[in-house]
Amino acid sequence: MDLDDLAARRPDDPLVVLVRQDLDPLSVDELRLRIAALEAEIARTRRKIEGAISHRSSAEALFRR
11 MDLDDLAARR PDDPLVVLVR QDLDPLSVDE LRLRIAALEA EIARTRRKIE
61 GAISHRSSAE ALFRR
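So for the sequence shown, my numbering puts the first residue at 11; every next one is plus one.
Please note that a few of the clues may not be correct.
Claimed, not checked - If you anchor each label on the Cβ, the simulated ranges turn out as follows:
hint, residue 1, residue 2, range
1, Leu72, Leu33, 45 to 55 Å
2, Val26, Lys58, 12 to 22 Å
3, Ser68, Ile45, 33 to 43 Å
In short, the hints are calculated from the structure, not lab data.
Ideal Cβ positions, reconstructed from N, Cα and C, are used throughout, including at glycine.
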């Protein structure tokens with residue numbers, strides 16, 4: 011996803027706010043914490059995707075019968 015794609019969203023969208031945040035004032039420890047939080051969010055999002063795919067596959071299998 012391109013940054014321009016994000017800019018097309020609402021300006022108050024949390025993802026837009028996140029990617030526009032100035033990282034310069036953050037310490038190394040704060041940046042590491044930010045990375046850990048983002049990695050946890052990525053993992054949570056991937057689990058949601060996997061669950062949605064699994065749910066869809068189950069539904070498709072049910073309707074194929």
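To see whether the hints hold, each was checked on the structure:
{"no.": "1", "hint": "Leu72 - Leu33: 45 to 55 Å", "in the structure": "holds (47 Å)"}
{"no.": "2", "hint": "Val26 - Lys58: 12 to 22 Å", "in the structure": "holds (20 Å)"}
{"no.": "3", "hint": "Ser68 - Ile45: 33 to 43 Å", "in the structure": "holds (35 Å)"}
In this structure, none of the earlier numbered hints is contradicted; all agree with it.
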